[in-house]
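I would like the entire structure built from these sequences, with the hints used as guidance.
Given next are the chains, with one letter for each unit.
Protein chains: 2
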Amino acid sequence: MNPQLSISRRTRSTPFTSRVAAAGVKAYTVYNHMLLATMFESYEADYWHLCEHVQVWDVSCERQVAIEGPDAYRLVQLMTPRNLSKAKVGRCFYLPLCDVDGNMVNDPIAIKLSEEQWWLSIADSDVVLWAKGLATGMGLDVKVYEPDIWPLAVQGPKAEQLMSRVFGEQVKDIRFFQIQPLTYQTATGSVSMQVARSGWSKQGGFEIYVNDAQAGQQLWDELFSKGADLQVRAGCPNLIERLESGLLSLGNDMGYDTSPLEAGLEQYIDLDADIDSLSLPALRAQQPTKRLMGLVIDSQASISDNVLTIAGETVGEIRSLGYSPRYGVQLAFVLCYLAPLGNKLAVDVQTSDGTHQGKLCNLPFDFAALGLKAIK
Amino acid sequence: MNPQLSISRRTRSTPFTSRVAAAGVKAYTVYNHMLLATMFESYEADYWHLCEHVQVWDVSCERQVAIEGPDAYRLVQLMTPRNLSKAKVGRCFYLPLCDVDGNMVNDPIAIKLSEEQWWLSIADSDVVLWAKGLATGMGLDVKVYEPDIWPLAVQGPKAEQLMSRVFGEQVKDIRFFQIQPLTYQTATGSVSMQVARSGWSKQGGFEIYVNDAQAGQQLWDELFSKGADLQVRAGCPNLIERLESGLLSLGNDMGYDTSPLEAGLEQYIDLDADIDSLSLPALRAQQPTKRLMGLVIDSQASISDNVLTIAGETVGEIRSLGYSPRYGVQLAFVLCYLAPLGNKLAVDVQTSDGTHQGKLCNLPFDFAALGLKAIK
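If you're matching them up, the sequences are chains U and Z in order.
All residue numbers for the first sequence refer to our numbering, where the first residue is 12 and numbers rise by one.
All residue numbers for the second sequence refer to our numbering, where the first residue is 12 and numbers rise by one.
One should not assume that every hint holds.
Which copy is meant is left open, because identical chains are indistinguishable; a pair holds if it fits in one copy or across any two.
Unchecked claim - Straight-line distance between alpha carbons at most 25 Å, and here's what the computed DMTMM-like set of lysine to aspartate or glutamate pairs gives: (1) Lys99 - Glu277; (2) Lys154 - Asp268; (3) Lys237 - Glu277; (4) Lys97 - Asp285; (5) Lys370 - Asp309; (6) Lys355 - Glu126; (7) Lys301 - Asp159; (8) Lys301 - Glu52; (9) Lys301 - Glu157; (10) Lys154 - Asp364; (11) Lys237 - Glu52; (12) Lys237 - Glu180; (13) Lys301 - Asp268; (14) Lys37 - Glu52; (15) Lys384 - Asp268.
Hints were generated in silico from the structure; no laboratory data involved.
Shown next as structure tokens:
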């Protein structure tokens, strides 16, 4: 059994924590100094439910770093090697944030709310300090702060149905990675909240940027009362689903030791763009020595060592690992060392009963190309 | 029962995690993205043992932010309102770190290792991003990074005795908040590690800045084998002890919403110093509206609300709370709102069976002045 988590004011609770507890949360992690549920029934039961029905996730830990003022675009662009010069208002952008050496600081969803107002919906590091440090050091005309916003995610194939019952048919017009303010009626008035079609799963759904704790609690309750026949449940980002879908986790799969090129995020980097980005010079010059890849390994292998080898030589390390009940195999994200690996795809993994062979591939997993069929 | 903690690569393990688990850790928190034990037997049993014997703590989560180069002093001084212009090599300094608005970013122990090399031994926020952001933005000639250092604390009244058995009599010459490199003999050679007389308790002891994982594991084992007759045990920062001793916790007692003046840290701020510090202008101009104080309340009160009131008006909030078995009362750190509180010291706290009265005081607690006697 895992040890308990000691909860204090420092491991911040959210407006939804009492509801998450009442829904039977079994385990938490701490993410951006805040509670994040990791399991309700079991990883596997939570997974199947997410893939078949609809879940409401308290992802308040996706803190918003607000960047506002005349230099807002300049600061956001400095932090990322992705070209945002043509970014439109009302759109979301997955952004690698990198330091001057080209290493990963965070990988938020950036939201452009107006020409002078951006939010960074962050992974687990204090981007507010990085952004404030840069703004202070460069004397930028910008305000950087963490507003009181607690996102709720509504995820799963029935998410659109549930959301339209609460917010009306207009949610159907929000396209993927678009965001717009919607009005939510409360007992005492109405609240305008930003709603995006997004979320940390590939099962479809929305994220609601709750900016009023009381209205948010009413919203949570309404999502459950109106979704009873849809089998709505409290949920959370799911290890199995994110591995199958190729969703990377900062701190697990990448971090200060990894460039976005090494993490396989080339499509979010504009090496040739004429933009003022801190990390572009380093990234343009970089010869990656590592690469994040997928690994498929037998479901029976009881893995005892995080290291991948070929003929006894270390060629990589396991960063995230889980069992896929859909395909009946274990899936992992592994950081491979390019020099010793070369173009070989068969690697050895030490297990409690000897050595098992695993198969490397590019991410995201292409299950058909791997010859894997759904067994459930 | 508290929920479980999901442990992943992101909630970093340490070189000592397997030993902490073998010692029977019951609960963890996550601190600087790393595991930190919070309880072994119980808060109370751990407390008495710490006050009477000696404990070894895995405080690897006290990450070091290394700041090296010609501009190292300049950057450290910019981050703090404490005057470091006369700081000597080989000394430790408790430092409030503040932003340009004078709010708390962190409260590390700063260590001056040489004229151009400082370490910040940090509380729970990503100071490495703050320092790198400032250095990048200002173009400072300095390297900022988080080295592979995992501090071990040896705490308790028998700490000096145990440390001298392992490192020799020379540890007795290290005075409070002094640090010096000591040689540790391993099976394969010797390792030089910085050792300070410091630690997050008032029971006396040392912190060893372990810079070699294997040597550290041998050191852990040696501390236990040589301390058996001293009843050495694995331990961790203890809630009861730190409340009694008045040790503040970032994220619990203070943070971005608090200035060091409001947290009662005046003695670490040099308002009149002629130094280049980002926060001094704001702090000089500040009229504090809040103040962190101590609260003593009946041991029977089952507190149901974090808010302090006087005649129904809110005058403060509880930030940390615990039962002191030594004095038979509950102790809390509370953030008081100066305008409604005035100079009143008796406040109401809502409890499950009505209202209990609590008594405010300055920190650290002066138990004799409060009329409290040890009952155990």
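Go through the numbered hints given earlier and state which of them the structure violates, listing their numbers in rising order. 3, 6, 8, 10 and 15
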